[in-house]
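Kindly generate the complete structure, drawing on both the sequences and the hints.
Chains as they are written, first to last, in my numbering: chain A, 214 to 451; chain B, 214 to 451; chain C, 214 to 451; chain D, 214 to 451; chain E, 214 to 451; chain F, 214 to 451.
Watch out, some of these pointers could steer you wrong.
For identical chains, the list gives no copy identity; a pair is met inside one copy or between any two copies.
Said to hold, decoys possible - List time: in silico EDC-like cross-link candidates among lysine to aspartate or glutamate, alpha-carbon distance up to 20 Å: (1) K307 - E293; (2) K423 - E406; (3) K307 - D376; (4) K225 - D401; (5) K225 - E294; (6) K238 - E406; (7) K238 - E402; (8) K238 - D274; (9) K282 - E439; (10) K423 - E293; (11) K290 - D435; (12) K238 - D283; (13) K423 - E402; (14) K282 - D435; (15) K282 - D441; (16) K225 - D415; (17) K238 - E273; (18) K423 - E294; (19) K447 - D376.
No lab work stands behind these hints: they were computed from the structure. None of these values were measured; they are calculated from a predicted model.
There are 6 protein chains.
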Amino acid sequence: MALNEGTRARLKTVSVATITTALFKRGLRNQYIQDVRPLNPDAGPMVGEAYTLRYIPAREDLNPISVFKDRGHPQRKAIEECPPGAVMVIDSRKDARAASAGSILVARLMQRGCAGIVTDGGFRDSPEIARLGIPAYHQRPAAPTNLTRHQAIDINGPVGCGDAPVFPGDVVVGDAEGVVVIPAHLADEIAVEAVEMTAFEDFVAEEVMKGRSILGLYPATDPQAERDFAAWRKAKGR
Amino acid sequence: MALNEGTRARLKTVSVATITTALFKRGLRNQYIQDVRPLNPDAGPMVGEAYTLRYIPAREDLNPISVFKDRGHPQRKAIEECPPGAVMVIDSRKDARAASAGSILVARLMQRGCAGIVTDGGFRDSPEIARLGIPAYHQRPAAPTNLTRHQAIDINGPVGCGDAPVFPGDVVVGDAEGVVVIPAHLADEIAVEAVEMTAFEDFVAEEVMKGRSILGLYPATDPQAERDFAAWRKAKGR
Amino acid sequence: MALNEGTRARLKTVSVATITTALFKRGLRNQYIQDVRPLNPDAGPMVGEAYTLRYIPAREDLNPISVFKDRGHPQRKAIEECPPGAVMVIDSRKDARAASAGSILVARLMQRGCAGIVTDGGFRDSPEIARLGIPAYHQRPAAPTNLTRHQAIDINGPVGCGDAPVFPGDVVVGDAEGVVVIPAHLADEIAVEAVEMTAFEDFVAEEVMKGRSILGLYPATDPQAERDFAAWRKAKGR
Amino acid sequence: MALNEGTRARLKTVSVATITTALFKRGLRNQYIQDVRPLNPDAGPMVGEAYTLRYIPAREDLNPISVFKDRGHPQRKAIEECPPGAVMVIDSRKDARAASAGSILVARLMQRGCAGIVTDGGFRDSPEIARLGIPAYHQRPAAPTNLTRHQAIDINGPVGCGDAPVFPGDVVVGDAEGVVVIPAHLADEIAVEAVEMTAFEDFVAEEVMKGRSILGLYPATDPQAERDFAAWRKAKGR
Amino acid sequence: MALNEGTRARLKTVSVATITTALFKRGLRNQYIQDVRPLNPDAGPMVGEAYTLRYIPAREDLNPISVFKDRGHPQRKAIEECPPGAVMVIDSRKDARAASAGSILVARLMQRGCAGIVTDGGFRDSPEIARLGIPAYHQRPAAPTNLTRHQAIDINGPVGCGDAPVFPGDVVVGDAEGVVVIPAHLADEIAVEAVEMTAFEDFVAEEVMKGRSILGLYPATDPQAERDFAAWRKAKGR
Amino acid sequence: MALNEGTRARLKTVSVATITTALFKRGLRNQYIQDVRPLNPDAGPMVGEAYTLRYIPAREDLNPISVFKDRGHPQRKAIEECPPGAVMVIDSRKDARAASAGSILVARLMQRGCAGIVTDGGFRDSPEIARLGIPAYHQRPAAPTNLTRHQAIDINGPVGCGDAPVFPGDVVVGDAEGVVVIPAHLADEIAVEAVEMTAFEDFVAEEVMKGRSILGLYPATDPQAERDFAAWRKAKGR
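Structure (structure tokens):
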């Protein structure tokens with residue numbers, strides 16, 4: 214199921230926090246990827262379908278430096294095959310003692326038109342990655358090469374990342390706060406709903422900054438709040 | 214016991230580190246709130262009396278999204294009732310998997326004249342909160358709505374926050390480094406002592422930057438150091 | 214074994230990540246100091262021989278504030294005796310609940326010409342340290358005085374720091390990402406090798422930014438990649 | 214709402230695991246108290262209404278050894294006032310570095326007819342508690358007196374214990390595996406349902422030990438399994 | 214590659230500790246499954262080829278209680294298909310907040326002739342499992358049904374378990390201490406070597422209990438120790 | 214300062230919990246070794262002077278299996294030199310991923326008349342150690358040889374163990390609950406005080422088991438309790 218372009222555009226205008234609330238309303242409480250942060254918070258919103266890579270703990274005899282001479286090595290293959298527009302999501306078992314990837318691979322991913330990269334471990338060359346234009350999220354910097362702790366084993370299967378379930382094709386959204394995973398079949402409706410919620414939150418934020426109480430306003434249990442919101446939407450054209 | 218305005222003013226001129234030393238001298242070793250950091254380190258010093266909110270783990274049937282329609286919901290009530298000049302301290306059991314609050318509530322708190330907000334969990338809308346002028350401290354960003362993990366249960370009772378004991382009315386001080394909790398009855402004397410300590414530390418820092426050894430100077434076991442400090446104070450009018 | 218100045222200069226031009234790979238090739242997987250970060254990422258590269266300080270948990274009766282009146286207190290002595298050009302490495306047992314040191318001591322270390330300071334705990338006065346010109350690395354800010362949790366016990370013996378083994382005289386290198394410890398006897402050869410690796414990585418990074426695939430290029434299994442690199446080196450004079 | 218004696222009796226015949234499944238079917242996923250274990254697994258099933266005690270981090274000046282001379286000290290008061298048949302649940306913030314209680318208090322609780330005691334911290338005198346007849350659950354032994362880290366602050370309010378929400382009057386059930394908290398209003402129906410589930414599980418366990426496959430049997434999607442279960446119930450009188 | 218029956222027999226006579234040393238000599242440092250313990254230490258040695266099951270975090274909409282009605286559900290399928298003589302190894306991401314399996318499934322596995330079961334999470338019905346004759350290893354008891362946190366996703370692929378890499382067909386050995394994973398191609402030689410090492414360790418243990426120093430004996434750097442060992446072997450027929 | 218034999222005898226009759234209270238009264242809150250447990254709770258009380266061994270993280274090139282051929286290897290030397298009657302305390306940085314020692318070394322220590330062994334890491338051959346008569350305490354079983362993670366570096370210097378400070382000659386006491394470290398200069402007075410406290414606690418325990426309230430009894434704020442205790446002592450000859 215390809216990501217609808219309208220949905221992609223909508224998701225770029227809403228926050229990860231708003232999306233988590235829309236998911237909460239549907240009984241989904243674990244879609245936020247825990248304990249990852251953007252290397253470059255200004256890289257702009259990240260929206261794309263999940264393309265996954267899974268690591269297991271490295272067995273020393275299988276992970277000498279020479280493995281990268283194999284063009285079929287899953288890490289390198291994944292970097293070259295992740296579809297443009299997609300977000301690479303790496304299951305590193307929340308282990309940031311060695312890198313999930315470094316700046317050269319992330320740069321290649323960016324050049325290939327991918328939408329971003331997320332690991333629940335760490336990246337090496339993190340200062341360089343922070344200067345690239347592509348959104349990237351990790352737990353903390355991790356200089357050692359991935360072979361030190363991680364063996365790339367699977368491409369594009371279901372994985373866990375930061376305690377969230379991630380299925381290939383799920384829609385992954387990141388902002389300056391963090392990353393959320395929207396189940397593929399919900400992406401369109403969540404996007405529409407989140408745009409609506411964002412309009413309301415923007416209205417409320419303006420009212421609060423003018424000094425209005427949140428009681429009756431947020432949520433809008435006071436009919437006056439509903440009327441004011443309707444007027445605001447009209448005035449703003451939203 | 215209201216916070217003395219002279220004490221408030223003095224505490225705005227000293228560091229959290231200096232205050233922890235003054236508390237250490239009195240046998241208090243656990244008043245620093247562990248593992249929280251400022252969302253906006255430039256928001257200026259935070260000083261105010263503690264007004265607390267306590268969360269327990271959320272039970273799903275008691276925490277649908279509709280609970281916020283109740284104007285008496287403790288989280289919303291706390292935001293509207295926290296006194297101007299006070300610091301809201303939230304006991305989130307050090308659990309940052311869901312938000313303790315978001316930008317709209319923090320903005321309202323700011324508009325109401327509160328001095329700051331601290332949680333040992335995380336805030337959602339953290340990029341927006343970082344742009345508000347109010348000092349805010351948390352462990353890490355947490356996009357999911359608080360209902361996902363937290364149920365607000367108590368207002369203004371004694372709590373733990375980041376392994377520190379916090380009683381309503383204690384004086385909470387934050388700077389670009391972190392947050393410390395001064396027992397209410399000690400606030401005045403700690404403030405005076407910390408101002409004195411700060412003068413000495415500023416003198417020492419200047420001397421060290423001129424190349425002077427710390428031996429005999431810090432602490433001032435050498436009588437010359439005492440004389441130099443006296444001269445410095447006179448010259449500086451401190 | 215004194216640190217060769219050519220080696221020091223070379224190590225200032227390479228990344229910690231690159232060095233970890235050179236160490237990995239020699240079977241050394243644990244030389245990266247885990248979970249520390251620079252207080253001032255712009256302070257420039259840090260290179261120097263390790264001079265260590267070890268803390269044990271503080272016993273209250275041995276650690277009143279008055280201990281610093283003793284000029285022979287190991288923490289103060291270490292600050293005054295750490296050789297110019299050396300990096301002070303503090304084993305704080307990964308405990309950041311109290312400070313390993315504060316801004317005055319770090320300023321003194323800087324004035325004495327030391328190359329940097331690393332703790333696997335935390336520093337107090339961290340905003341001030343971040344403004345000093347000396348590279349400093351820690352886990353997180355820790356306002357409470359070291360006496361609260363730590364007793365300085367040993368100077369310049371072998372220690373652990375962030376799960377890495379550190380022997381006095383090992384060569385400690387830090388950049389904006391983190392810190393690595395090179396065994397003394399390997400420093401010269403690692404420096405030379407890392408400079409070579411860096412040239413290749415810079416070449417690859419440029420190629421990737423031009424749109425070239427990593428397959429055959431990184432590593433250079435395609436003879437064309439080897440030829441292109443040779444040409445690049447010639448053109449760049451590297 | 215008093216605990217129905219039929220419900221109490223039923224709950225003594227079912228496992229904590231079975232109850233968690235019944236709660237899961239109702240959307241309750243967090244009622245199992247995480248990471249506690251029985252000091253005496255043979256002490257028999259524990260069933261009773263929750264009577265809670267809450268600790269906050271100890272402030273040193275408020276917690277000298279002399280506080281226990283106060284008969285109104287919340288810890289001692291709680292031990293004397295916990296109703297017979299109730300289970301004392303202590304919120305120790307999952308901190309087992311100091312005791313939640315010791316053998317004398319637990320013995321007193323037992324003598325008073327209470328049904329059990331649970332802490333998400335640790336008990337001191339744990340070998341003695343293990344020899345008492347009362348069910349007791351903790352994280353791990355903790356010899357230091359509670360004053361070292363804990364200040365008893367609240368009696369019988371809502372608390373968190375091992376990441377589970379606990380409201381006074383909830384029904385707390387423990388077996389040799391662990392402890393689960395049943396919301397008060399669900400206790401009767403859960404008890405009935407769990408008895409039914411237990412009958413089926415016992416039937417299945419017998420069949421499996423005879424060599425039968427779980428497919429079609431567990432759950433009973435094969436009509437033959439349903440028929441066999443009906444026959445088994447009749448034969449067993451359950 | 215089927216497990217050689219001589220190898221299986223040999224591995225039943227040696228300890229997990231001895232095997233880890235044999236692996237260490239070959240540069241393999243991460244084959245011990247960290248932080249798991251036997252539910253029944255008396256169930257005897259466990260030896261078998263690894264048959265794996267992988268869990269990802271549960272997405273609520275995909276994991277209602279009704280999923281088990283599907284005979285193809287990977288958890289149930291794995292239990293029915295794990296070959297006799299094999300050890301089921303479950304990758305539960307070290308998350309023991311919900312069960313990896315319960316007593317009925319473990320009993321079925323036992324009845325089917327499997328050699329044991331290991332999870333880096335927890336089992337439910339742990340007291341019942343402890344009474345079954347099959348070796349079972351977990352982190353700690355976990356009463357909640359697996360659906361609460363885990364979704365079974367993959368059968369018999371490479372996984373991580375307790376920070377160890379596990380490939381299908383690796384030889385898994387457990388004793389009263391813990392569990393180790395021997396790469397399949399090394400099983401035969403490790404078994405032979407471990408039997409030799411065990412003979413020597415048994416000899417040394419006897420000598421030490423007679424009062425002999427370990428210096429020169431362990432390892433046998435003193436030629437007399439070698440001679441004594443040779444005599445001991447002859448006398449014991451080992 | 215040699216351990217007084219009367220003190221040793223007294224300490225064998227009191228619990229670790231009681232000793233921690235006597236230390237708490239003197240302002241010492243961190244002398245309990247956190248998170249260690251006896252391998253054989255029935256091995257009897259452990260009392261002896263601390264003889265320490267310190268590990269740092271293992272550097273691979275310095276820790277091949279052949280290092281044990283060196284009779285001067287600190288681990289082996291420590292085992293042969295730990296004085297009879299002393300307790301070996303190993304600082305393993307709380308890392309139980311590899312062993313601190315195994316059954317052969319512990320047996321040798323026992324044969325040499327040492328009083329016990331404690332590590333904040335883990336032992337290998339733990340089932341064998343549990344069957345030896347010597348008290349041994351660790352965090353959890355750890356089969357891999359110590360060389361995998363630990364390098365023995367220092368003998369009999371000050372160390373940390375389980376977050377407690379340990380100086381050579383401190384008196385280490387262990388029971389079925391855990392281990393506490395008494396500063397050497399306090400051992401005699403703590404021993405006497407703990408014997409007194411134990412008499413009172415035994416009296417209280419008897420009274421409580423007869424049904425008496427703890428109020429006024431524990432502590433004995435009611436003069437009648439004091440009188441009853443005096444009578445009890447007389448009757449019991451304590």
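query = Taking 20 Å as the upper bound on the Cα-Cα distance, should K238 and E273 be classified as within, between, both, or neither?
reply = Close across copies (12 Å), not inside one copy (46 Å); limit 20 Å.
inquiry  = Checking an output row: K282 and D435, CA cutoff 20 Å. Within, between, both or neither?
reply    = Between copies only: 10 Å across chains, 66 Å inside a chain, cut-off 20 Å.
query = Can you tell me if K282 and D441 fall within 20 Å by alpha carbon in one copy, between copies, both or neither?
reply = between (64 Å within a copy, 18 Å between copies)
query = How do K282 and E439 come out at 20 Å by Cα distance, when the copy is not named: within, between, both, or neither?
reply = Answer is between: at 14 Å across copies they meet the 20 Å cutoff, but 63 Å inside does not.
query = For K225 vs D401, is the C-alpha pair at or below 20 Å within one copy, between two copies, both, or neither?
reply = within (13 Å within a copy, 49 Å between copies)
key: 20 Å Cα threshold - placement of E402 relative to K423   = neither (32 Å within a copy, 39 Å between copies)
task = Pop the pair K238 and D274 into one bin, within, between, both or neither, using alpha-carbon distances up to 20 Å.
result = Classified as between: cross-chain Cα gap 12 Å, same-chain 48 Å, threshold 20 Å.
request  = Classify it for me, K238 with D283: is the Cα-Cα distance of at most 20 Å met within a copy, between copies, both or neither?
outcome  = between (46 Å within a copy, 17 Å between copies)
query = How do K225 and D415 come out at 20 Å by Cα distance, when the copy is not named: within, between, both, or neither?
reply = Answer is within; shortest intra-copy Cα gap is 15 Å, inter-copy 33 Å.
ask   = Which holds for K423 with E294 at a C-alpha limit of 20 Å: within a copy, between copies, both or neither?
value = Only across copies: K423 and E294 sit 18 Å apart there, 50 Å inside one copy, limit 20 Å.
Alpha-carbon proximity between K238 and E406, which holds within one copy, between copies, both or neither at 20 Å = within (11 Å within a copy, 28 Å between copies)
ask   = Quick one: K225 to E294, C-alpha cut-off 20 Å, is that within a copy, between copies, both, or neither?
value = neither (24 Å within a copy, 36 Å between copies)
Checked against the numbered hints given earlier, this structure breaks hints 1, 2, 5, 13 and 19; the rest are met.
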